[in-house]
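Enquirer: The residues making up each chain are set out below.
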Amino acid sequence: MSESAGSVTKKQLEQQVAETRKAQPPVWYRSRPMLIVALAVILLALSWTYMLIHDETSMTLDQRVYQVASQLKCPICQGESVANSPSALAQQMRGIIRQQLQEGKSEQQIIQYFEQSYGPSIVWSPPWQGFSLLAWLVPIILLLGGTVVVFMVMLDWRKAAATAPAVSGAGTLETIEVDEKELAEYRKQVEEELAAEDPLFWRREEKH
Amino acid sequence: MYFSDLGVIALMLATGFAVFAVITAVLGAARDIPQLKTSAARAVLVVAVFMLLAAAALIISFLTHDFGVRYVAEESSLAMPWYYVTAAFYGGQQGSLLYWAVMLAIFSAIFVLSSKRAPAALVPYVIATLMTILTFFLIVLSTVSNPFTRSPVAPPDGQGLNPLLLDPGMLVHPPMLLMGFMSFAVPFAFAVAAMITGRLNSEWLRSIRRWMLASWTIQTVGLILGAWWAYHVLGWGGYWSWDPVENAALLPWLTATAFLHSSMVQERRGMLKVWNLVLVVASFLLSIFGTFEVRSGVISSVHSFAYSDIGAYFLVFLAIAVIFSLGLFFFRLPRLQAEQEFDSVISREGIFLFNNLLLTGITFATLWGTLFPLITAVVRKQEMTVGPPFYDNVNGPLLGVLVLAMGVGPLLAWRRTSMRALWRNLCVPALVAALFAIILPLLGVTSVLANIGFAICAFTASAIFYELWRGAKVRHSHGEPYVLAVLMLFNRYRQRYGGYIIHLGMVILTVGIIGSQFFQQQQDFTLNAGQSANIAGYQLTFLGNIDAHNSDNESITSQLQIWQNGQLLRYIYPGRTIYNNFQDQPVSQISITTMPNLTDIYVFLADWQGASQAQIRVFINPLVVLVWYGGLFMLFGGVICWWPERRRAPLRAAPVEHGATSSPAATTTTV
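If you read the protein sequences in the order shown, they are chains A and B. For the first sequence, our numbering assigns the number 1 to the initial residue and increments by one for each residue that follows. For the second sequence, our numbering assigns the number 1 to the initial residue and increments by one for each residue that follows.
The set of hints was computed from the structure by calculation and includes no laboratory data. Note that beta-carbon positions come from the ideal geometry of N, C-alpha and C, so glycine has one too. Accuracy of the hints is not assured; some may be wrong.
[Unchecked claim] DEER-style ranges, computed between Cβ atoms:
id, chain 1, residue 1, chain 2, residue 2, range
1, A, V138, B, I9, 42 to 52 Å
2, B, K381, A, A38, 39 to 49 Å
3, A, A88, B, F324, 48 to 58 Å
[To be verified] Partial chain A-side listing against chain B, Cβ under 7 Å, derived:
id, residue
4, I36
5, A40
6, L43
7, M51
8, K73
9, P86
10, Y118
11, S121
12, S125
13, V138
14, P139
[To be verified] Partial selection, computed: residues in chain B whose CB lies under 10 Å from chain A:
id, residue
15, D32
16, G369
17, G396
18, L398
19, P429
20, V432
21, A455
22, Q523
23, F525
Chain B on its own, in the form it takes in the complex:
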């Protein structure tokens, strides 16, 4: 009896209980038998326990180096440190699917445990939907993609992870991104439940808002971590290459962002019901599409570590999900009437519509670009590539307009804004933008497009600060000192001001994107010991190469000095590591030095001859560091928005406009 056998048993039992949960939940809801509903909820908890058990079995198999398990032998080796051995859990296809399923089970359990807050009528159907999805994954896991499959003879040592994955990024990026992908299942389950029960008012929306926020934040972190990983590992000086798999991860994020905005319109004004459903369903379907795309190898990509024949399973699942959601959707279309009327184009609702248009535009363009090579191959039998220039040209301008809309949006009122008030609100940000547009060229920003981008960012950033200042002023006029007023704003109106922090993060990120897009410099140098390379005012002096032999790898490290204005700034050590098991894939140790002026000096060792010659590739990447800071802001803002508000005594005068809160625990939104 091995731990892997325990894993197989746990998977089987989990499958059984998941199916049981689906049946009891649907029966219980249809016949209105409370015992069955309770039974379904408990079955979800049991499934979660078994899934955790299966995960534990795989982790123990890894940590005990049980190479009789094929997956363990493929993904780990004796020489790997324990943390990478643990991370190898999701290093291949089988394990990453198991991780998906485990996370889905955990999220389902969290949902069940917190389901008192959700509308009671929806709960059984949410459970049924989640468990159906989980059942699909469990079927895949126990048939075509079983991580616990044993080989007849256990090899003495495993192959080990692909060296590209032996990086701290491996410990954080895949779990975050996979969790993000998975988490879109919960809002989807709510949407399905709302459509089945026909309870399509704002109730279900309020329940999933925080789930969606959590998914969004996790996905944001996953994306930023992926970009950071690519930046410091791949050696081409960039962080986002519009690779099909990157696109797949971005697509649900875009629709989730659109949903977070448009759901406010429904909560406030009872409009866009249909559209919100579409966005929730689309986010989930796009995340399944992403998983399908990564696994099937239909579209070629750098993330090609895990191709297999399970693509067909995902395609079938995707097709069923699409047909099922479409069917439900048309079935309920008559009930999706707007409750309130629209007053004016120049209003918060109007700009949210515009925001949604832009986000879906970016989503579609990205999806289209990803699929176009496939379409060409099928229709014209021709190979073709859709690379970064396409996405930059299409999505770049859209991003600019989106950031601009982000600045204008908060200045508009719900229902309608008088033009006069609008002009007044626009004064300060517009002047700041103009100031930037005039000063930046004098400081050497000669590109028009970059200048336009920076001016837009300045506009939006100042609009956000202006709005913050105005909120503080209102509180100040009620007798609070300014500092306390700002703190209280964040404390009281988490969603509104957390949202501003996210917007600010997005602006910072955009500045980083513009900087790296327009001002990157790069040059190749072949240097002998003692020679120097000059680039962008920095001088890099090459001293020599160090060759080190370790137990499972050989590493070559170049030693260089960075000089500026005759001053030695620091030593850097770009290098290469060649793992014994992967001789043909030398991993680069890239040296990235961030200067105080937010410029990265990115040095990549391209080639070397003996101890005294090196060929290096130097990138000067201005402002890239802002991409990471922007990401941090977005994470921080997301957490602020998500953080539960303290429960307060029931309101004295229940605000009619802010939604008839059915349960006191439901979070009120004041955005």
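So here's chain A without its partners, still in its complex pose:
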């Protein structure tokens, strides 16, 4: 089935190749897709760096209180932060945070203050030090390790598949024929994926 579906496109492909041969566009035109993607990436990068630079809009006191409070666990609630809990204690703690922020203390100092009075379990996320550093490092290391392993495995499999030709890069030296062939191959692949057991395509086969 896949071959017959391919033969349909092969004719179209030959026609296309013949047509494109007549007028050979310049190199930049042929690598247009890559240039467009590159342009999009540059635009994205520009937008984000611009935002990063101009992101120094000072937060209001409310927002800062919220930011500190959301890093603390409400000691008398189940699974709620000081920022979100409606309990009276949390409200009091928010008041303390506000007061200390107004006194000019840093976020870290305030969190330390609460840690001293309530113990380390009040901090909502494990600190980047000591034993609790493991909480952060283990998933990150495993993820990185996993990435390495997956790539090694993939490279290994590729070596095993020595017969497979190397993937062609997006070099500008390629001739149009190759480009168009790849394109048509892609089209063929889409059609093949769609063509499995689809009467719509069978009808076409019969005609040819």
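With the hints as your guide, set chain B onto chain A.
Expert: The following block gives chain B in isolation, referenced to the frame of chain A:
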């Protein structure tokens, strides 16, 4: 003779038949005696009937208010309406375990009834595995956690459900989630059967694909319903708090998602056999772990309604299941060779591997975060908390990359994709993403992270639509009008396009998550009658409190108006209800108003003084509503993927590449 006695008898008989089914199935398969195999299959049906009988006995005990049954007295009261009385079935530990077991029996029966489609050699072992699991639950149910236990003196009225559970969410969320948990047992049973028989080709995978899809969809719905319930009941303005029990429900969902992707690689290319087995087994073990965690109280959580000593039973069961699966697994490792070779990193297989890496990464990080307080307590004798900031920081970026991969994946071909074709396919989505990244800051999205997230979502959404358009175009070029072409795509290639709908749902959900994560505003106000609060351009005017006394509760309702630009939008009534049996747990009636710009105004009555003063907490939650819509899309896509394809006449030219379909009924996948 009470109905509860009938329930006890039904449980005992079910246990007997389940054990019988295990023995006959294994003997029948080992000695190849067809009569025994048939006998085992029929025993499964008998077990299902007895389990239904037990369930009926409990429901009748509830509906007839038979408070002599301890469980009924604990979970229901005369004042509760009948639907909550029925839902109290799974309101406590005993009942929820019974529900688990009943569902397992029903699913096993469905499996037996549809087992003609499954590879015949696997069927007895699937039955044996399912019935072994059920036997474990039945033992727990008839010993430590029996819902039918009677107390010597029947109290005149029951205690009633915890008021937090008296909510429409109770009617839908627990049954869905428990069913989802349970349903991972069926793929697991298939995996065990495949390992025992050594028939480890793609046959068993094809049989469980639809089971796994069903489990996945049920679990998705259960999770989304849980989030929705938490959002409109708990009053902290959010819907997901990375609570250990929420995590437990998410973990098997993540591995099931990974499996649904990696199984395609095995079906297509005969690779990743080992890995697929691992994922199926892990999904089941994680669901048992979740049940253990909820029940044992080892890890503290909001879902603390059901602690007991049965944790040990589950731990033992979990340990046996782990050892058994590991043993089988190493026994069969030599047979799990890949059939085909890998061609290129930049291919559909490659991105599926990457997807699996991300999903297992999220799974591990979540599991690690859940267990870390326990590890610290054991190793360092220190108490510590791992809360949302940890999960947000670790899983947030991973989710972003996952959504990005979701956009790139469908653009890649199997085996290998030429870079040129890739660039060409990336053009449109990349430009759309760039457009969003430039326009959004002008519209006031000042957070860089949110902007990156939105751009990724725009990229993936446009990639999905682009792919849909291209499929329609291919059909159009064969002479179909576009609308029909799109419909035919969905009709013919359910798995592929249903999958895109699910992806789209995930993108919508991610937009909702980003919106609520980065743009939530909240403020407390203390208002006297006639005073107004201003937040985010809305004005809330407080009118007064209404105190109402009902038969089993007292409710306080505040009346407020929402104004915008001098226009009255609507009246809202946030309130509190205090149930007589649970004086210390006032339930909040939260008022959530969704504005046309997809922003929720979430008002919570924190405190009140008499009729003329109220303390309210107002949250402005942009885009949260998209989380629910995303969930609906995922449900819809899941159903499309799952829906059986019409049986067609045997194919004229059996497609070699699409798997040598052994039986014509087996669903072919064209993803």
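Enquirer: Give a verdict on every hint.
Expert: Status of the hints after comparison with the structure:
The hinted range of 42 to 52 Å is satisfied by V138 (chain A) and I9 (chain B), whose Cβ atoms lie roughly 50 Å apart. For the hinted restraint 39 to 49 Å between K381 (chain B) and A38 (chain A), the CB-CB distance of approximately 56 Å leaves it violated. Roughly 51 Å separates the CB atoms of A88 (chain A) and F324 (chain B), a value that falls within the hinted 48 to 58 Å. Checking I36 (chain A) against chain B by beta carbon gives a least distance of about 5 Å; that is within 7 Å, so the hint holds.
The restraint placing A40 (chain A) at the interface with chain B holds, with a minimum CB-CB distance near 4 Å, inside the 7 Å limit. For L43 (chain A), the suggested interface contact is upheld, since its CB lies about 4 Å from the closest CB of chain B, less than 7 Å. Taken as an interface hint, M51 (chain A) checks out: its beta carbon lies about 5 Å from the nearest beta carbon of chain B, inside 7 Å. A cut of 7 Å between beta carbons decides the hint on K73 (chain A): the least distance to chain B is about 5 Å, and the hint holds.
With 7 Å as the threshold, the beta carbon of P86 (chain A) comes within range of chain B, its nearest partner Cβ sitting at about 5 Å, so the hint holds. Taking 7 Å as the C-beta contact cut-off toward chain B, the hint placing Y118 (chain A) at the interface is violated, the least distance being around 10 Å. Interface restraint check: S121 (chain A) against chain B, minimum CB-CB distance 4 Å, threshold 7 Å, status holds. Interface restraint check for S125 (chain A): the shortest CB-CB distance to chain B comes to about 4 Å, inside 7 Å, so the restraint holds.
Among the interface hints, the one on V138 (chain A) holds; its C-beta lies about 6 Å from the nearest C-beta in chain B, closer than the 7 Å criterion. About 4 Å separates the beta-carbon of P139 (chain A) from the nearest beta-carbon of chain B, less than 7 Å, and the hint is met. Checking D32 (chain B) against chain A by beta carbon gives a least distance of about 35 Å; that is not within 10 Å, so the hint is violated. Nearest Cβ of chain A to the Cβ of G369 (chain B): about 7 Å, under the 10 Å cut. The hint holds.
This hint is violated: G396 (chain B) has a C-beta 13 Å from the nearest C-beta of chain A, more than the 10 Å allowed. Checking L398 (chain B) against chain A: minimum C-beta separation of about 8 Å stays under 10 Å; hint holds. Annotation: interface hint on P429 (chain B) holds; nearest CB of chain A at approximately 9 Å, less than 10 Å. The criterion of a C-beta within 10 Å of any C-beta in chain A is met by V432 (chain B), whose closest approach is roughly 9 Å, and the hint holds.
For A455 (chain B), the shortest C-beta to C-beta distance to chain A is roughly 6 Å, which falls under 10 Å, so the interface hint holds. Because the closest C-beta pair between Q523 (chain B) and chain A is about 7 Å apart, less than 10 Å, the hint holds. Hint status for F525 (chain B): violated, given a least beta-carbon distance of 12 Å to chain A, over 10 Å.
Hints 2, 10, 15, 17 and 23, counting from the list given before, are not met by this structure.
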